[in-house]
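Make a model of the complete structure from these sequences and hints.
Top line first, the protein sequences correspond to chains S and L. Throughout the first sequence, residue numbering follows the numbering used here, covering 8 to 110 in sequence. Throughout the second sequence, residue numbering follows the numbering used here, covering 101 to 683 in sequence.
No lab work stands behind these hints, which were simulated from the structure alone. All C-beta atoms in this analysis are idealised placements derived from N, C-alpha and C, irrespective of residue type, glycine included. Hints are not guaranteed to be accurate.
No more than 25 Å apart at the CA atoms, straight line, and that leaves these computed lysine-lysine pairs for DSS-like [claimed, not checked]: (1) S:79 x L:512; (2) S:34 x L:339; (3) L:517 x S:80; (4) L:151 x L:339; (5) S:79 x L:517; (6) L:339 x L:542; (7) L:517 x L:267.
If you anchor each label on the Cβ, the simulated ranges turn out as follows [said to hold, decoys possible]: (8) S:21 x L:494: 36 to 44 Å; (9) S:110 x L:119: 39 to 47 Å; (10) S:29 x L:427: 17 to 25 Å; (11) S:15 x L:484: 51 to 59 Å; (12) L:478 x S:25: 47 to 55 Å; (13) S:96 x L:387: 36 to 44 Å; (14) L:494 x S:41: 29 to 37 Å; (15) L:387 x S:15: 54 to 62 Å; (16) S:96 x L:641: 21 to 29 Å; (17) L:122 x S:36: 41 to 49 Å; (18) L:549 x S:47: 37 to 45 Å.
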Amino acid sequence: MDFGFCLSPSSHVKMDSVDLTTFNSLKETNPDINTCIACGSCTATCTAGNFTEMSFRRILLMLQRGKEEQAKKMIQKCMLCGKCTLVCPRGINIRKILLDITR
Amino acid sequence: MNQYIFHPFVLPFVLGMAFVLTYCLVGLLRIIAQLPKDDRKQFWRSLVTPKTAWANIRDLFGDCLFHVKIWKRNPILGYMHSSIAFGWFMLIAIGHVMLFTLKPLEGVDVQGFERTFTNCYYPIFYKHFATETPVFAFLMDFFLIVIITGIFIAVVKKIYSGMVGVKRVTKFGFADNMIRFALWTIFPFRLVAEKTNIMAFWWLYSIDLMIFMCLLPFTRYMHIPTEALFILLRHAGLKAREPRKGFALAQIYSCPSCGLCIDACPMSVNDKMSDNTSAYFMKKLRNKDSEEAQRIAETCLMCGKCVMVCPVSIESCDIKFSQRAATPYNINSDHSYLDVISTEAQRSGEISVNNPHVLYFAGCMTQLTPKIMRAMKQIMEAAGEDYEFIDKDGGICCGRPMLLSGKTAEAKAMIEKNTELIKKSGAKKLVLSCPICYKVFKEEYHLEGIEIQHHTQYIDELIKSGKLQVDKGDVNYVYHDPCELGRAFGVYDEPREVIESVGNLRKAKSEKELSICCGGSLGSFNLTQQERDEITENSVNDLMFNHPDEIVTACPLCLKTFARKSPVQVQDIAEIVCEKLKK
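Structure below.
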């Protein structure tokens with residue numbers, strides 16, 4: 008119940024009601040995302056991240072919480088340079104995953 | 101009709117020939133109609149321009165008739181192909197010349213339509229109807245035997261391809277196997293028929309020819325008529341714009357599925373990955389299997405080795421590009437933030453106005469290998485150059501990865517932004533450390549008045565002009581040619597000369613235009629890390645052939661990729677020069 012005590016709307020995510028179809032199908036086509044340790048190397052090296060809030064780690068998080076539209080909006084900033092894929096300690100094909108999300 | 105000029109056994113051949121000629125004519129008109137208007141104009145013009153006309157004649161003879169490129173690649177295969185193709189051509193050609201010497205045909209004078217009709221098959225079956233002069237008899241028998249030796253090699257190649265120096269051969273479907281069998285049997289049947297004049301063999305010979313002709317449009321042997329057209333289109337300077345139309349279609353039908361690209365492809369380290377090679381890509385496109393074609397196009401490393409070894413010079417990378425562009429990723433890019441960058445940069449005065457002579461663009465990959473940047477800085481300082489780093493604290497991507505994904509418009513936005521930043525600096529020379537950037541800067545950027553150099557060329561120039569003093573050490577290096585520097589622009593000598601001046605250069609097993617991609621290429625979207633690792637291991641083994649002490653490369657991406665798998669130290673060319681700078 009919202010008693011109006013808070014200035015900003017609640018960011019509470021109800022995991023029981025979010026739609027995870029995109030994330031689940033993504034896990035099927037790219038099983039390597041299961042190995043992500045959220046180290047943030049991808050974000051640290053991101054060329055677009057230098058100028059924008061672009062962060063692959065957050066994109067994964069958004070998808071896990073069903074915030075697909077937000078994730079897709081963030082992906083628009085990507086330059087596809089592939090540095091994230093190169094530095095990933097788990098060898099995840101990040102660039103491919105970014106493209107698959109929007110496919 | 102007279103028994104000396106006609107027998108029903110010629111009919112299968114005549115029917116087959118009529119079919120294949122009709123098909124080729126329709127196909128020819130279709131391809132020309134599909135060309136974009138400008139391209140078509142360019143094509144007609146190229147046919148009458150002396151320079152391209154000469155190139156056309158040279159290649160029509162060199163490639164279609166003498167198969168020079170296959171000879172160069174593998175002499176045994178060259179003989180195999182030439183003996184069959186050139187031998188057959190000679191049989192047809194001499195047969196037609198002989199037609200005049202046999203006139204009138206064994207005393208029977210035929211005229212008008214009958215004469216024309218007779219001419220279609222007479223050179224093919226003349227021995228049944230007439231006897232020729234001894235000189236022609238010898239020539240015809242000679243070329244027939246030559247063809248049969250070629251077929252013998254082809255059979256050996258089919259049984260054990262390793263005997264002729266081929267590791268992997270293309271896997272064929274039913275029609276391709278069928279037509280191959282028809283081709284193999286045509287000439288032995290002809291030989292037996294000619295020597296014994298048994299009617300059954302004349303029938304078999306003619307039916308075999310019919311099978312060959314009827315299957316030709318649906319199999320790889322379509323390359324025989326199409327290659328001639330392809331050569332003309334190629335010399336007109338056309339580029340494939342759509343994956344299955346016009347020029348691209350001519351290339352698809354010109355692909356003989358010979359499989360030379362399969363052994364050359366860096367992905368052919370195992371059976372599964374070798375299905376991603378260009379030979380199969382062309383086959384999928386041909387069979388309109390666009391889903392598979394798209395998958396292969398996105399898996400390809402775009403190293404360009406298949407184009408280099410292709411005996412037909414099919415630009416498969418261009419077709420893969422157009423395939424990617426035809427169904428691009430639905431990424432909806434928004435790079436409006438690029439505009440903000442320039443204003444901020446200008447405000448903070450990051451882009452200098454004091455006109456440095458040399459502008460250094462490290463690029464994304466070099467940002468990940470800062471040791472190259474440090475080495476370049478030391479080198480430029482030691483040479484006393486007036487320089488500036490354009491992306492010291494991170495810059496904009498050069499646009500090539502975006503271009504590789506088939507999104508040309510988005511890539512253009514980055515290209516324009518970089519162009520603006522570079523032009524504002526007023527530099528006279530742009531030095532790049534990354535061959536990926538180098539390729540796109542050379543091909544897509546319009547930087548008039550600014551010389552674009554890769555750092556290997558730049559360092560070579562500094563050493564040769566005496567600006568940079570280096571000591572020669574005794575370390576044995578092997579040099580890896582990055583795909584986008586070597587095959588794309590033929591920069592082979594400069595890096596080697598630089599290495600020679602600081603140490604000893606050992607040869608790799610496959611060098612220069614045959615160098616094997618490191619496996620890290622940004623060109624591929626689909627390859628997993630495990631698959632890439634396999635490619636890298638193979639490439640490293642190739643480099644370690646002469647047991648060097650160190651691997652030297654000129655690409656930050658190759659450097660990072662090799663470092664994962666190499667048993668010896670891997671360094672960039674700038675680093676080894678930096679180590680040997682005269683103090």
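Comparing the hints with the structure gives:
no.	hint	verdict
1	S:79 x L:512	holds (22 Å)
2	S:34 x L:339	violated (39 Å)
3	L:517 x S:80	holds (22 Å)
4	L:151 x L:339	holds (19 Å)
5	S:79 x L:517	holds (24 Å)
6	L:339 x L:542	holds (17 Å)
7	L:517 x L:267	violated (47 Å)
8	S:21 x L:494: 36 to 44 Å	holds (38 Å)
9	S:110 x L:119: 39 to 47 Å	holds (43 Å)
10	S:29 x L:427: 17 to 25 Å	holds (20 Å)
11	S:15 x L:484: 51 to 59 Å	holds (58 Å)
12	L:478 x S:25: 47 to 55 Å	holds (53 Å)
13	S:96 x L:387: 36 to 44 Å	holds (41 Å)
14	L:494 x S:41: 29 to 37 Å	holds (30 Å)
15	L:387 x S:15: 54 to 62 Å	holds (57 Å)
16	S:96 x L:641: 21 to 29 Å	holds (25 Å)
17	L:122 x S:36: 41 to 49 Å	holds (46 Å)
18	L:549 x S:47: 37 to 45 Å	holds (42 Å)
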